[in-house]
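Colleague: Now for the letters of each chain:
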Amino acid sequence: RKEVEQDPGPFNVPEGATVAFNCTYSNSASQSFFWYRQDCRKEPKLLMSVYSSGNEDGRFTAQLNRASQYISLLIRDSKLSDSATYLCVVNFYSNSGYALNFGKGTSLLVTP
Amino acid sequence: DAGVTQSPTHLIKTRGQHVTLRCSPISGHKSVSWYQQVLGQGPQFIFQYYEKEERGRGNFPDRFSARQFPNYSSELNVNALLLGDSALYLCASSQPRGGVNTEAFFGQGTRLTVV
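One line per chain: the protein sequences are A and B, in this order. Per this note's numbering, the very first residue in the first sequence carries number 194; after that it's consecutive. Per this note's numbering, the very first residue in the second sequence carries number 597; after that it's consecutive.
FYI, nobody ran anything at the bench for these hints, they're computed from the structure. Hints are supplied without guarantee of correctness; some may be wrong.
Unchecked claim - Under the rule of at most 30 Å between Cα atoms (straight-line distance), these lysine-lysine pairs were calculated in the DSS-like manner: (1) K272(A) with K626(B); (2) K297(A) with K235(A); (3) K235(A) with K648(B); (4) K609(B) with K297(A); (5) K272(A) with K609(B); (6) K626(B) with K648(B); (7) K238(A) with K195(A); (8) K235(A) with K272(A); (9) K238(A) with K648(B); (10) K235(A) with K626(B); (11) K297(A) with K195(A); (12) K626(B) with K297(A); (13) K272(A) with K648(B); (14) K648(B) with K609(B).
Let the sequences and hints guide you as you build the complete structure.
Modeller: As structure tokens, then:
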């Protein structure tokens, strides 16, 4: 089982739609959680950290459920510029030491 | 204020050769991590260094090695290149707090092609 699993996607949505991405992780000792955005052939860029209390940044809302080992990202009022791959990232200490573990990413295409 | 810088941006090597990739972290950040990203996959962890010590190592063969210098810059070395080493190599800069990894900031990557 992969350590971080995401919705396979791709998600094709019209402008203005609300879209939700889900992610599960296997290591219950995970310490910190993030969503990154990656545009085609570019580096990942931090979108937001994820906290147990939930957090919101404009149109973006992230939630963490430690009991279920589940992370979500909600995007409201989608814009064309939101088209990208969204990476769920979990940090934990394992036999490999400290590492950020990435999901495979979920592709989002927002259409006019 | 400079972000994470990596060099070179693109590289073509032949099988069996050796490659060195370089990374300078954000000023004030003492941790550098290296990741390999192949097309269609998320980045895979290779190494993390903090204060010049190896703090983590992913599931990569011994052909992969790295080090961190006193100025916190880092090199990733790959020996005996294979076709399968073709990928985007990403360097990430962070400043752990209380031993916990915080958010990481990535350089633009080095795109390595092995022919």
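Colleague: So which of the earlier hints does this model not fit?
Modeller: Violated: hints 1, 5 and 13.
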